[in-house]
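K.L.:
The whole structure should be built from the sequences, with the hints applied where relevant.
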Amino acid sequence: MDLQEVRNRIDVIDDEIAKLYANRMELALDVAKAKAQSGAPVENLERERQILSRVASAMPDEVKLYGKQVFGTMFETSKAYQYSVLNINSQIKDDIRASIESGVKPFPVQASVGCQGIEGAYSYIAADKMFEIPSISCFRTWEGVFSAVEHGMCEFGVLPIENSTVGSVIGVYDLMKKHKFYIARSFKLRVKHCLLTKNGVELKDIKEVVSHEQALAQCSEFLKQLGGVKITKCDNTGVAAQMIADRERYDVACIASRDCASLYGLKVLQSDINDSNSNYTRFIAINKQLKVYEGANRISIAANLAHEAGSLNRLLNKFSALGLNLTKIESRPIADSPFEFKFYFDFEADVRDSAVQNLIAEIANKAEDFEFLGAYEEL
Numbered sequence: 196m197d198l199q200e201v202r203n204r205i206d207v208i209d210d211e212i213a214k215l216y217a218n219r220m221e222l223a224l225d226v227a228k229a230k231a232q233s234g235a236p237v238e239n240l241e242r243e244r245q246i247l248s249r250v251a252s253a254m255p256d257e258v259k260l261y262g263k264q265v266f267g268t269m270f271e272t273s274k275a276y277q278y279s280v281l282n283i284n285s286q287i288k289d290d291i292r293a294s295i296e297s298g299v300k301p302f303p304v305q306a307s308v309g310c311q312g313i314e315g316a317y318s319y320i321a322a323d324k325m326f327e328i329p330s331i332s333c334f335r336t337w338e339g340v341f342s343a344v345e346h347g348m349c350e351f352g353v354l355p356i357e358n359s360t361v362g363s364v365i366g367v368y369d370l371m372k373k374h375k376f377y378i379a380r381s382f383k384l385r386v387k388h389c390l391l392t393k394n395g396v397e398l399k400d401i402k403e404v405v406s407h408e409q410a411l412a413q414c415s416e417f418l419k420q421l422g423g424v425k426i427t428k429c430d431n432t433g434v435a436a437q438m439i440a441d442r443e444r445y446d447v448a449c450i451a452s453r454d455c456a457s458l459y460g461l462k463v464l465q466s467d468i469n470d471s472n473s474n475y476t477r478f479i480a481i482n483k484q485l486k487v488y489e490g491a492n493r494i495s496i497a498a499n500l501a502h503e504a505g506s507l508n509r510l511l512n513k514f515s516a517l518g519l520n521l522t523k524i525e526s527r528p529i530a531d532s533p534f535e536f537k538f539y540f541d542f543e544a545d546v547r548d549s550a551v552q553n554l555i556a557e558i559a560n561k562a563e564d565f566e567f568l569g570a571y572e573e574l
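Counting in the numbering used here, the final residue of the sequence shown is number 574, and the numbers go up one at a time with none missing.
Think of the hints as simulated: they come from the structure by calculation, not from any bench.
Be careful, since some hints might not be right.
Listed below are the simulated DSSO-like cross-link pairs for lysine-lysine, each with C-alpha atoms no more than 30 Å apart in a straight line [said to hold, decoys possible]:
1) Lys513 / Lys228
2) Lys263 / Lys561
3) Lys513 / Lys372
4) Lys259 / Lys462
5) Lys428 / Lys402
6) Lys372 / Lys324
7) Lys483 / Lys561
8) Lys214 / Lys263
9) Lys419 / Lys402
10) Lys300 / Lys383
11) Lys383 / Lys462
12) Lys375 / Lys399
13) Lys486 / Lys372
14) Lys513 / Lys375
Between beta-carbon pairs, the in silico distance windows are [unchecked claim]:
15) Ala253 / Ser532: 38 to 44 Å
16) Glu241 / Met196: 37 to 43 Å
17) Ser506 / Arg204: 35 to 41 Å
18) Met196 / Gln286: 57 to 63 Å
19) Glu241 / Lys300: 43 to 49 Å
20) Lys300 / Gly262: 50 to 56 Å
21) Asp446 / Asn508: 52 to 58 Å
22) Gln286 / Asp446: 53 to 59 Å
23) His374 / Glu211: 53 to 59 Å
24) Lys402 / Glu535: 23 to 29 Å
25) Glu327 / Lys402: 39 to 45 Å
26) Thr522 / Gly262: 29 to 35 Å
Think of the CB as a built atom: it goes at the ideal place given N, C-alpha and C, for glycine as much as any other residue.
P.N.:
Here it is as structure tokens:
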């Protein structure tokens with residue numbers, strides 16, 4: 196039998212599989228309607244195991260595991276189809292719908308905004324770019340920014356959430372959970388770190404470098420080249436620049452933005468000292484209220500998944516079945532729960548889509564701990 200003849204026979208089988216699959220999905224819809232009337236859950240893992248055991252017994256041993264994957268995918272797409280037509284109830288779904296029904300408005304042009312650090316810090320630069328006309332207040336800590344928004348001193352807070360070189364800013368995620376805040380917008384800022392000093396200082400004179408720990412981590416290779424210089428962490432890159440400007444010492448430098456050089460009368464001794472030439476930090480605008488603004492095309496959630504084989508794969512299949520593009524998947528160990536993890540997901544989706552709302556409701560209902568972090572536009 197030649198190759199073309201084999202392919203022709205496969206085509207015939209594929210056509211039959213397509214017809215049978217369509218018939219199965221029609222019946223799955225009838226199952227969904229019956230379950231909706233009885234109140235039974237869509238997912239029935241025992242039923243899936245029974246089907247898999249039955250069909251596997253008719254397969255040769257060498258293809259059983261491949262068959263398991265095929266039927267597992269079919270189960271997930273079937274459940275996704277059922278969920279898409281059902282109305283799944285959850286508190287977060289009600290909150291999302293309430294926000295949408297209150298009116299999806301343009302993102303504010305003018306707002307009072309809090310950020311950590313001082314003028315010239317990257318958070319300050321990001322706040323200035325995320326809002327057309329911001330009134331910016333600076334706070335010493337991230338907690339201070341959250342507190343300012345929580346108590347009405349600022350309408351929004353701007354904070355770093357992720358860097359392309361060193362990863363997520365876990366402290367901000369923890370504060371999001373603690374204060375139950377939501378992401379209203381995000382912005383990717385290209386970060387170009389510079390080594391700043393007082394005028395007259397040369398590279399050989401430097402005995403100490405001061406900056407925020409994230410900036411120090413992003414310039415670790417450059418710092419190694421300086422030899423045994425002392426590395427000192429401080430609250431913010433802008434604060435570091437101001438500190439250098441105010442000191443009388445001429446053997447200390449800081450890592451900060453080029454803007455800080457002009458703001459605080461410093462010299463750019465060396466520019467572009469990042470480990471990576473494409474160093475971006477993603478900043479978020481946080482808000483106390485769950486609001487959906489025009490242009491929202493991204494959703495962020497966090498969930499504790501069941502500590503069992505296949506739990507992550509089953510969830511990923513649900514995103515795939517709806518054609519949703521995951522832009523971030525990250526795991527983090529759960530305190531006091533050895534070998535268990537919380538997963539963070541960012542995905543591109545319209546939160547006004549009922550199928551997307553059902554997916555969020557489904558995950559929220561099943562997860563031991565679930566956080567809806569926001570539906571927003573990323574610039």
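K.L.:
Are the hints correct? Go through all of them and say.
P.N.:
A quick look at each hint next to the structure:
{"no.": "1", "hint": "Lys513 / Lys228", "in the structure": "holds (20 Å)"}
{"no.": "2", "hint": "Lys263 / Lys561", "in the structure": "holds (24 Å)"}
{"no.": "3", "hint": "Lys513 / Lys372", "in the structure": "holds (25 Å)"}
{"no.": "4", "hint": "Lys259 / Lys462", "in the structure": "violated (68 Å)"}
{"no.": "5", "hint": "Lys428 / Lys402", "in the structure": "holds (14 Å)"}
{"no.": "6", "hint": "Lys372 / Lys324", "in the structure": "holds (26 Å)"}
{"no.": "7", "hint": "Lys483 / Lys561", "in the structure": "holds (25 Å)"}
{"no.": "8", "hint": "Lys214 / Lys263", "in the structure": "holds (20 Å)"}
{"no.": "9", "hint": "Lys419 / Lys402", "in the structure": "holds (13 Å)"}
{"no.": "10", "hint": "Lys300 / Lys383", "in the structure": "holds (22 Å)"}
{"no.": "11", "hint": "Lys383 / Lys462", "in the structure": "holds (27 Å)"}
{"no.": "12", "hint": "Lys375 / Lys399", "in the structure": "violated (48 Å)"}
{"no.": "13", "hint": "Lys486 / Lys372", "in the structure": "holds (17 Å)"}
{"no.": "14", "hint": "Lys513 / Lys375", "in the structure": "holds (26 Å)"}
{"no.": "15", "hint": "Ala253 / Ser532: 38 to 44 Å", "in the structure": "holds (41 Å)"}
{"no.": "16", "hint": "Glu241 / Met196: 37 to 43 Å", "in the structure": "holds (42 Å)"}
{"no.": "17", "hint": "Ser506 / Arg204: 35 to 41 Å", "in the structure": "holds (38 Å)"}
{"no.": "18", "hint": "Met196 / Gln286: 57 to 63 Å", "in the structure": "holds (59 Å)"}
{"no.": "19", "hint": "Glu241 / Lys300: 43 to 49 Å", "in the structure": "holds (47 Å)"}
{"no.": "20", "hint": "Lys300 / Gly262: 50 to 56 Å", "in the structure": "holds (51 Å)"}
{"no.": "21", "hint": "Asp446 / Asn508: 52 to 58 Å", "in the structure": "holds (55 Å)"}
{"no.": "22", "hint": "Gln286 / Asp446: 53 to 59 Å", "in the structure": "holds (58 Å)"}
{"no.": "23", "hint": "His374 / Glu211: 53 to 59 Å", "in the structure": "holds (56 Å)"}
{"no.": "24", "hint": "Lys402 / Glu535: 23 to 29 Å", "in the structure": "violated (45 Å)"}
{"no.": "25", "hint": "Glu327 / Lys402: 39 to 45 Å", "in the structure": "holds (43 Å)"}
{"no.": "26", "hint": "Thr522 / Gly262: 29 to 35 Å", "in the structure": "holds (32 Å)"}
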